[in-house]
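Novice: Sequence:
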Amino acid sequence: MLGKLMRKKPIVPDIKMSDQIALLKSRKIPAHVAIIMDGNGRWAKQRNLPRVAGHHEGMKTVRRITRVASDLGIKVLTLYAFSTENWKRPKVEIDFLMKLPGEFLSTYLPELIEQNVKVEMIGNFSMLPDHTKDAIRRAMEETASNDGMTLNFAMNYGSRLELVESVKKIANLVAEGKLAIEDIDETQIESHLMTAHLPEPDLLIRTSGEVRLSNFMLWQLAYAEFTFTDVLWPDFDELCMFDAIKDFQSRSRRFGSVEGEKEA
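With the working numbering applied, the sequence shown corresponds to residues 1 to 264, in that order.
Wrong hints could be hidden among the right ones.
Calculated cross-link-like contacts (lysine-lysine; reagent style BS3-like; alpha-carbon spacing at most 25 Å) [stated by the list, open to error]: (1) Lys246 / Lys8; (2) Lys118 / Lys99; (3) Lys60 / Lys16; (4) Lys88 / Lys133; (5) Lys133 / Lys118; (6) Lys88 / Lys75.
Keep in mind that the hints were calculated from the coordinates and are not lab data. The structure displayed is predicted, hence computed values, not measured ones.
Input sequences plus hints: build the corresponding full structure.
Specialist: Structure follows, in structure tokens:
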């Protein structure tokens, strides 16, 4: 089973990128792709570089994958940029990671606007440094009217915390007499998640060979297709993305029904 999930670096096909995109778009494209970007530190270590060099290189991959995802017609691309557990890392690495959104957005915001990409964020915004918040806020404001792909950064995000906060909000509604206990259902929980306005992910991709969710979108990924690759995030390119989409398109999505009865 694990062998079926784990992807290797794809062989470069003798076909133009535009033709590959057209071929993929002739079949069903996942509306929402979520990616756990992993392997920056290992990429740097393999090259005897500091970990922050891997994070900087990974930022370039974010640009490449955002561009190709938009070209493929993906509606939402969610990138796991910083988890609530990542605060345990060395301070010098955290400080660098907190500077990356500003560097990425200041460099590529004009390109995102040109591509009609809308920038959003899920996570605990209040705990981020002011310079990080300012960069994200500016990008969200300047792309708010865009109606193309949504580039959704999961920043200072943890799914268990998200679920706890959702339960608290629902409990408050019950305490205030605005909601009956018997009316609490999946829809109620989903409506109080940070992703309430977004479709659930169709495809999850995790790079670097790790095979776990790491507290990422635990509720939302209930029926997503999973693809794990041993490619480190800085090396994850357009061909890797194409390979993941092709793998998604080869699967039968039954959502609990009998095979062949329901696909999406």
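Novice: Find the hints from earlier in the document that the structure breaks and name them by number, from lowest to highest.
Specialist: 6
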